[in-house]
Amino acid sequence: MKSPHLADAASPKKLATYLLKLPKPSMHMHGGKAESVREADYKGHHIAIRTTYQVSVDGRVLNVPLGVDNRGNVHCHSLPNYQFTSAVDMVKQLIASFPGQFGGGKRGGGHGGRHGGMHMGMPNRARRAGRKGRK
Amino acid sequence: MAVTRRNILKNATARTQYIAGVKALKQEDSGQTTGNFGIPGPSIMISTYDLFVIWHQRTMMTMTPPNNPSGRNAAHRGPVFHPWHRVMLMILESNLQRVLNDATLGLPYWDWAADGNNTPAKQKKSALWKKTCMGGSGDPVTIGPFAFKASDPASWRVRVEADVAGNLFSANRGLRRTLGAGTPSLPKKVHVDHALDLTPYDKVDWDASETEAFRNRAEGWNPEDPLAQHWMHNRVHVWIGGDMSPGTSPNDPVFFLNHCNVDRIWESWLSQNGRTYVPGNSAGAFLKGHRIDDPIASPLGGTMTPRQVLDVSATYVYDALP
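Residue numbers (my numbering), protein chains in the order written: chain A, 1 to 135; chain B, 1001 to 1322.
Think of the hints as simulated: they come from the structure by calculation, not from any bench. Among these hints, one or two may not hold up.
Computed list of lysine-lysine pairs in DSS-like fashion (alpha-carbon distance at most 27 Å, straight line) [what the hints assert, rightly or not]:
#1 K1131/B to K1023/B
#2 K14/A to K1131/B
#3 K1026/B to K14/A
Pair by pair, the computed Cβ-Cβ distance ranges are [claimed, not checked]:
#4 E1224/B to I47/A: 28 to 34 Å
#5 T1104/B to T51/A: 48 to 54 Å
#6 I49/A to A1020/B: 51 to 57 Å
#7 I47/A to P1295/B: 28 to 34 Å
Away from chain B, derived, C-beta distances all over 10 Å, residues of chain A [claimed, not checked]:
#8 A10
#9 S36
#10 K43
#11 H45
#12 H46
Predicted model only: the values in this text are computed from it and were never measured. Here a beta-carbon is modelled for each residue, glycine too, at the ideal position from N, C-alpha and C.
For reference, chain A alone in the conformation it holds in the complex (with noise of 0.2 Å):
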């Protein structure tokens, strides 16, 4: 690679909209569930498992894109450096690495929170029920 090249696509403009013209993501998400869709061949025959997650924490649903491979791995669009055989395990890890958006847990055990659910990746309607659950 040439180096203007490299120099003009690496300027913060060129960065900046590039970024702003990237599609939203989507990750086939409905009300709170994440669906996924294994598919193989065997013997002529075609296999297909459809998978669907749907994730509450202390009664509250969360829009978490997980999804489960042929193998039986779960992984976590929001955690890319973990994956496990247990989806329990995988939202144990998830209240673990984003302490600010569980609150405090009403069990004990759990991460201190400081934004008591404010981005907890809830359904907008989850949301409004969870704060008129609160008054």
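With chain A held as given, fit chain B onto it using these hints.
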């Protein structure tokens, strides 16, 4: 002329320049605000440095192809992992050269496997985490050049972060690290050696499964220890923890030191294996974005492909390869 990338713990000039450079980029107004990017919260200035945070997060949330069950995205969990991060590092390096007006500046790397050969207790006391280098652990980090000082708006602040759904929002807080909490130790040199022994570069299923291939091992999905959950690159992210865990991990300047070392390991593999890459362009559309002539998700557009970054000797070299 090619610049030389050096070990941050062995070269004081590289260390000083890197710290000064990223701090300057953090203060530099990119001309954009969080509002321009549709990021909720108070609309605040986006620095040039923060553009890299947004770039990484948005790329990571771009599935290739959309909704694939493997979670393969435009920068991770697939073959393009090394080429995409190579391009990102080159663009950061170019910005560091510009902001410090030094065309000879090379991005430094952190040879984490050298620290990994020490005991877990010593790893946390590495010179990297001293106040003269990257600072230490904490919420927030309170020592070193990236320490948070509430009274000093110029102190290092996380300005863009993500929620559990992957949505960005604006923030104003100090950097978080939890050294050694997520996993007890860093990868060792022998683990790097064993990764370099693996050929081919990648193979079916081209994802984050347990296949024996270099990319999968180096990214960290194929631990040679079956009891280990995290390996190589992933393990370094997890070991540092805090802001190195989510997709906004470039918030911690150590992100680039980790990836520069990962790139150095790939460069070693390339030099031993004829600068090869798979998959080729005859691979199916389900690998679009990861094939050798597919555009890498970057401001360089269609001109930048994995093939274009297999030999970067005209742009940079490493002072030593593993």
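Problem set entry | Interface-negative label, H46/A against chain B, beta-carbon threshold 10 Å | holds, 15 Å
Exercise. Between K14/A and K1131/B, is the straight-line Cα distance small enough, at 27 Å or below?
Worked result: violated, 34 Å
Exercise. Does the Cβ distance between T1104/B and T51/A fall inside 48 to 54 Å?
Worked result: With Cβ atoms ~52 Å apart, the hint holds.
For this session: Please test the hint of 51 to 57 Å on the beta carbon pair from I49/A and A1020/B.
Result: holds, 53 Å
Problem set entry | H45/A remote from chain B - nearest C-beta pair above 10 Å | holds, 18 Å
For this session: Grab the minimum beta-carbon distance between S36/A and chain B and tell me whether it stays above 10 Å.
Result: violated, 4 Å
Exercise. Taking 27 Å as the top limit, are the C-alpha atoms of K1131/B and K1023/B close enough?
Worked result: At roughly 15 Å apart (the allowed maximum being 27 Å), K1023/B and K1131/B satisfy the hint.
Exercise. Is the nearest CB of chain B more than 10 Å from the CB of A10/A?
Worked result: Since the minimum Cβ distance to chain B is about 4 Å, A10/A lies within 10 Å and the statement is violated.
Exercise. Taking the minimum C-beta separation from K43/A to chain B, is that value above 10 Å?
Worked result: holds, 19 Å
Exercise. That 28 to 34 Å hint for I47/A and P1295/B (C-beta), does it hold up?
Worked result: holds, 33 Å
For this session: For E1224/B and I47/A, compare the CB-CB distance with the range 28 to 34 Å and indicate the outcome.
Result: holds, 31 Å
Problem set entry | Straight-line alpha-carbon gap K1026/B to K14/A, limit 27 Å | It holds: about 17 Å lies between the C-alpha atoms, which stays within 27 Å.
Against the hints set out earlier in the document, violations occur for numbers 2, 8, 9.
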